[in-house]
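Here are the chains, one letter per residue:
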Amino acid sequence: MEEIKFDPEICNQCETVDCLMKCQYIDFADVAEAKTEKLKINAGEHSRVLDECLTCYACQEYCPYDNNPFYLLVERQEQLGLLPAPTPIVTEQLKMMGPKGRIQNEAVSPPVVNMCAFPMLTGCVRGKLFEGASVIVGTDIFCNIMWLHFAKNSTIKERVPQMIDNIMNYYLKDSGVEEMICFHDECYGTYTSVAPAYGIEVPFKPVHLFDYINHRLDELADLITPLNVKIAYQRPCSNRLIPQTDLVLDEILKKIGAERVPRTYDRETALCCGGVPRAHQRDNLADELVEKNINDMLDVGATYCIFNCPFCMATLGQEVAENGIMPILISDLVQMALGE
Amino acid sequence: MKELIDRLKKIVGERFVSAESEERYLYSMDMGTMPPSVPDLVVMPGSTEEVSKIIRLANEYKVPVVPMGGGLVLSGLTRALKGGMILDMKRMNRITEVNPKSRYAVVEGGTSEGMLQAYLKKHHPELKHSLPDAPPIATLAGNVCIHGSGHLSVLGGYHSDMLNGMEVVLPTGEVVRTGSCSVSSDWFGKAPLPDLSGLFMGWAGTTGVVTRLGIKLYPNYRYSDLLIFVCEDAEDMPDVISRLTSTQVAEDMTPWMTPIPEWAKGFMHINIAYGAHSKEELTFKRNLLQMSVKEYKDKKIGGFLPMPPPQKARYMQIPTPDLVRFADVRKGGGFEYVGAIMAIEHFAEAYRAGVEIAERNDVSYSMGARVVGAGHSMMFFYAYAFNRADKEDMARAQRALEETNAAALEMGGIPWKAELPAQQQIIEKMAPDTFALMNRIRETLDPNHIMNPGNWERT
Ligand SMILES: Cc1cc2nc3c(=O)[nH]c(=O)nc-3n(C[C@H](O)[C@H](O)[C@H](O)COP(=O)(O)OP(=O)(O)OC[C@H]3O[C@@H](n4cnc5c(N)ncnc54)[C@H](O)[C@@H]3O)c2cc1C
Ligand code: SF4
Ligand code: SF4
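Chains as they are written, first to last, in this note's numbering: chain A, 1 to 340; chain B, 1 to 459.
No lab work stands behind these hints: they were computed from the structure. Built from N, CA and C at the ideal position, the CB exists for glycine as well. Every clue listed holds true.
Derived contacts from chain A toward chain B, CB cut-off under 10 Å, selection only:
#1 L83
#2 Q93
#3 H280
#4 Q281
#5 D287
#6 L316
Some chain B residues flagged as far from chain A (calculated, every beta-carbon gap over 10 Å):
#7 V38
#8 G83
#9 R399
Straight-line alpha carbon distances no greater than 20 Å define the calculated DMTMM-like cross-link-like pairs of lysine to aspartate or glutamate that follow:
#10 B/K299 with A/E92
#11 B/K10 with B/E20
#12 B/K294 with A/D283
#13 B/K265 with A/E92
#14 B/K300 with A/E92
#15 A/K230 with A/E251
#16 A/K95 with B/E232
#17 B/K312 with A/D287
#18 A/K100 with B/E262
#19 B/K312 with A/E92
#20 B/K312 with A/D283
Let the hints inform the model, and build the full structure from the sequences given.
Next comes the structure, spelled out in structure tokens:
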């Protein structure tokens, strides 16, 4: 298996060290200190960043040179045995989310929507928006990106090629389908960002949910009734790997008449939902993140909080609702605008 | 027999006595592994007075009487081993008093757990009682009589510890009261009197019929939460339990170990439930619990499962549906759930013995425990599911159970709600003078040997 793609020379010459200087969770005295720490990481030495990292994925987006700082950081955490979470938490989840070998050959027809390992969300693929869609789901096609939060690049390297094979061999190949819509940022991030950085080949064309919806909304334009609502967007960590899709969301929201109110914690400064720090046993930090997120949504007068990540929604949804804001998945919001 | 039935009908009414084969069949067994034993008849009293009359009649005819609540004990304690009548208490289901200030409820001997839960929810939402994970039709009396435990057992101990007093019809028909209610109109507790309640708890219905009981209630918090601690080494469990209970904030603590689903195999989990009046208090309590086992987190050998609220909800249902779900894994309606009450330090030993016995006998198992008090003891349980229609499967489960009980006794534990073979195993180990005293008490209370005969007797 190939090493993570990164070029130490680019970092050596980097003057801004944006990857660390923009980090919202670790403070550095100045660029020089950040650079020292970054170079330690690059050299495979211990750095406090490896201990303090929240695994928010954001540095992956902050690096102006696409030099994969986050993937490398995870690689180093694993190499140095710096697990961010207790071992049993990781090993039990590794088993829980492992491939179960229950997959069976199935004919599919486009659009093929990949719901990853979350069967409870398959009901979201409905109505005109997803007319004629085939749904694929299960731990045998789990994108496995979550291991970035647990210093387990080795699992990603081992399981992602297996998942790709499963998707091809059990679904796409025999049906002659070449495109696959990724309902979650996690999957799209895996196949378009993680895979090339880890040297994993992807034989199908992944399509992001936002691109699919944006295109469908053009086809269904007559059915749209603008919602005229203010929404707060809880941007998930995995969208940091594919920032280009964030602009597509803007287009979608414009088409359905939803205003993405400018939050303190959106876009580049989006804040973690608080889910992962709990796995890292940092509950007090998680509490703080939840509170900051909620107060921010209330401050901007949002009536809906939209999610594209099921884990963020599970983590924050109840708290959001208790504060009088309606939590909703983006696809559901779009369906509302289509009168469904 | 016909004469007895006619006289019983006069006491309880036509509808509440039956000697029909259908009823006799249904009342001959429970879901556990003990073989059926067919009663001669079933009678359902409606009041203490009726119970007293029935017992006097049974003495006259020298007919055995087997008190029964929900019949969910699973160890065959409500089978009529020597024929006679099943005294089904379910009609006596009134909740006669709730005292919100002194926090107790007085209920009749056939009142179910589910009824009291629903009643409190409707009329006293600020109060709750400690529910076992048994199906809601299980009765409070039946549960207290077997030293049951439940969702407030870390807070309040065994359900028999939460007992404030009882009204009991003795095996000779007199009606006695134990606890404060024997002197006062208030059912506030058992102190300062000689504690006669012990004459009826743990005796499997061989010393009298409980017709009323006072049971402690506890604050029902507005907010509740659950943590699940996970580690991989059973040897760590006594220390982890001791640390967690030392915080004195948990209501319930239930370790669980199961090979189904496969991912859970080999991991030790502890569900820790706690509640609070405000979110701040809840967070404070969570922090105390987490701090108590910080060393495990720092060494990365244990920690708390990250669980978003919707996922947690499943684990916070009371009673938990998980055991009932497990009970059905082999289909065919067979399930036995035995436990042994033991000291916390035997955790690893109990776990290893359970795995070894289950694997050797090839039975579907689920293991767990309920911590009682501030880590003062635990009820370590072994649940075996089997297919009743498959004789081999049932025999395997039976073998596993007997071996489990032997192993529990060997490590210093005592089988809980012991079925007949386990009762024998206990008697063998019991101090002889203690067993002799049990027999003398029983002889005094029940000279005609009519109460649930066959139980707690040396064979
Ligand atoms: C899925 C499942 C989960 C369970 N979980 C728990 C749990 O968490 N905690 C727990 O403690 N138990 C548990 N149990 C075991 C058992 O079901 C309960 O303890 C239950 O409360 C027993 O009550 P019962 O009314 O069914 O008693 P029964 O089975 O009717 O009787 C139990 C014993 O008490 C005697 N008895 C009953 N009523 C009277 C009376 N009025 N006067 C005198 N003697 C009487 C009977 O003769 C018998 O010996 C569980 C069982 C199942 C099936
Ligand atoms: S990873 Fe990117 S931002 Fe960070 S030091 Fe290297 S080049 Fe600069
Ligand atoms: S992943 Fe997030 S927390 Fe970790 S270094 Fe990068 S930006 Fe900072």
